[in-house]
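Asker: In the numbering used here, the protein residues as written are 162 to 269.
If you're looking for bench data, these hints aren't it; they were derived computationally from the structure.
Predicted model only: the values in this text are computed from it and were never measured.
Take the hints with a grain of salt, since some may be wrong.
As the list claims (entries may be wrong) - DSS-like cross-link-like pairs, simulated, lysine-lysine; straight-line CA separation at most 25 Å:
| id | residue 1 | residue 2 |
| --- | --- | --- |
| 1 | Lys221 | Lys203 |
| 2 | Lys203 | Lys227 |
| 3 | Lys199 | Lys238 |
| 4 | Lys203 | Lys238 |
| 5 | Lys238 | Lys227 |
| 6 | Lys199 | Lys227 |
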Amino acid sequence: MDNYEYNVNVLMPSYYFEQDENWIREMLLRLRPSVRPKVSVKYSEVYQEYFDDEPISYKKINAGRKAANTRLRNFVKNYASYLDGHVSDPRVFQQGTSQMNQPSQGVA
């Protein structure tokens, strides 16, 4: 991770591992400002859920980090470009020559 300090005010999740702060901020900045608070809240929910569900005390932080960071990474990867309007052109299919594509001829 670089030492670049962000000057943009981003609503951070309520629960997260302190060393993940810059990475989380970087991921949130890839999203629209209107989406960031919802994603931030969901990040906290996932982190806390997996943290609480882990029975072994020394694995709690890692369980929360892994679940929340994986979800955030996948969301940003799959939806950030879509939310910005970057979608691919629809596929163009060639016109077939089968009988199904021909106009029907009336029976005389």
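Asker: Now look at each hint and say whether the structure bears it out.
Answerer: The hints, checked one at a time:
1. Lys221 <-> Lys203: 18 Å, holds
2. Lys203 <-> Lys227: 14 Å, holds
3. Lys199 <-> Lys238: Holds - the C-alpha atoms of lysine 238 and lysine 199 are around 16 Å apart, at most 25 Å.
4. Lys203 <-> Lys238: Distance of about 16 Å is within 25 Å: holds.
5. Lys238 <-> Lys227: 16 Å, holds
6. Lys199 <-> Lys227: 19 Å, holds
Checked against the numbered hints given earlier, this structure breaks none of them.
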